[in-house]
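Enquirer: If you're matching them up, the sequences are chains A and B in order. Counting in the numbering used here, the first sequence runs from 2 upward without gaps. Counting in the numbering used here, the second sequence runs from 131 upward without gaps.
There's no promise every hint is true.
[What the hints assert, rightly or not] Below are the EDC-like pairs computed for lysine to aspartate or glutamate, each with C-alpha atoms no more than 20 angstroms apart in a straight line:
#1 A:Lys-126 / B:Glu-178
#2 A:Lys-126 / B:Glu-217
#3 A:Lys-126 / A:Asp-114
#4 A:Lys-123 / B:Asp-161
#5 A:Lys-126 / B:Asp-171
#6 A:Lys-123 / B:Glu-163
In short, the hints are calculated from the structure, not lab data.
If you want the building blocks of each chain, they are given just below.
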Amino acid sequence: MTATVPVPTTAALALGDDALVLSHRLGEWAGHAPVLEEEVALANIALDLLGQARVLLSMAGDEDELAFLREERAFTNLQLVEQPNGDFAHTIARQLYFSTYQHLLYAELARGDGRFAPLAAKAVKEVAYHRDHAEQWTLRLGDGTDVSHERMRRACEALWRFTGEMFQPVRGLDVDWPGLEAAWLDAVSDVLRRATLTVPEGPRSGAWAAGAGRQGLHTEPFGRMLAEMQHLHRSHPGASW
Amino acid sequence: MTNSDWPLWEVFVRSRRGLSHTHAGSLHAPDAELALRNARDLYTRRGEGVSIWVVPSAAITASSPDEKDPFFEPAADKPYRHPTFYEIPEGVKHL
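Bound-form chain B, shown alone:
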C-alpha cells in the first residue's frame, strides 16, 4: 500500500469562530472519515482550529492558468470597482 493508492483531499481549517475556512494543505486518505482525522493530526495539533472541512481534490474545479488574463486582470481604469472611497472605522478587524 502506498500513498498513491489513496485519493488526495484538500483541507480547510477555520481558525476561530467568525472567520471563514482557509485552505491549509492537502493529504492522502482512503476515505472522508480518515481524511478528517489525518487533517486533525497534520494541521490542527497546536490549537489552530475549531472546525475542519475535507474535500476530495478531484471535486474541485480550478481556473486554468491559460485564462489568467481575462480572469484576473480587470481594466485598471475603472477605479469605481475598487471599494477604496470610504474610511474603515477603527476597531474593525478581518476586513
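Chain A on its own, in the form it takes in the complex:
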C-alpha cells in the first residue's frame, strides 16, 4: 500500500503524524502538570503542534479522517513521539530530542523552495521556542537536585534508542540527513553536558534500537493512546459542536 501513496503525501503524513501524536501526548498533561505555569506552557506547545498537524494532514487529505479514522499501522510518526509522558523528566527529554530535531529540520526546509517551505518558515519560530523550553528545563533538572539529576539521566537514557529513527530519509523531503544528524548530535550533546549529564552511550540504530515508526510499526503504548484519541469521533461519526 505504501508504494501507491504519492511522494509529497508520504512526507506530509510523516511530519503531520509527528506533530499530531506529540500534541496529543502533551495534551495529556492538562490537569496533571507539576505546576500551573508549566501546564500552560505544555498546552501552548501542544496547540502549536496541533496547528502544524492540521496544515500538514490537510495537504495529504481530509484532516479529520486522517487523524481519527486511520488504523495504527497507517500512522507514520516516529516512535519517539508516541512514548508515554512518564514523569516530567521523561516529557522534557522527549521534548529535547524531538524539538531539536524538528527545529533543525524545519530550518532546513524553510531555506529550500519545496512544498513545505512556507509551513516550515512559519513553524520554525514556534519550534525554536519549544526547543528553548526543553533546553531550559534540561539544564535545571540535570544540574538541580540529586533526585532531579537522577530522573533526568534515566529519562535521557531510556529515550536514547528512539533517536536514530529521526534521521531515516523521508521520501519527498530534500534534506541532508547525515548533516542533520550530525548537527542534532552536536546540539543535544552540548545541552546534556551543560546540564552535567553524560551523553548516553547506547545504540541509536540497529538491533537494540527502535525505529520503524515511519513504516507504520509502533510501540505498545501507541494503540492505547490512539484508542483514547479516536473513540469519540468513531462513536459519533460526523458529530459537530
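Knowing the structure of chain A, use the given hints to seat chain B on it.
Expert: Then chain B, alone, in the frame of chain A:
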C-alpha cells in the same frame, strides 16, 4: 514540588512601542529566566506584547493601606494642581 516552593514574580508587559510597561499579573517561577518564559506563555500568547519585564514580588515596596488618606487624597481646593486648563490638540493619543 508545589507552587509555594517557588517565588512570586510580577509581570509587566509593553503592548506596543511607545507605550510604557503595564502590570499584567503575577506568576510563580523558580528563577528569572523561567519567569520570563512563563510570562510569555501566560500573558502574551495572543500578540499582546513587544516586551516583558519580570520583577520579584518581594522586591516591590508598596504603599500601605493605612496611609491611604495622606497618600491619595490631596486637598481638592487647589485646582491649579490639576492640569485641566488647556485643550488637548486633536489626534493626541495616550494622554
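Enquirer: Hints the structure violates: just list their numbers, smallest first.
Expert: 2, 4, 6
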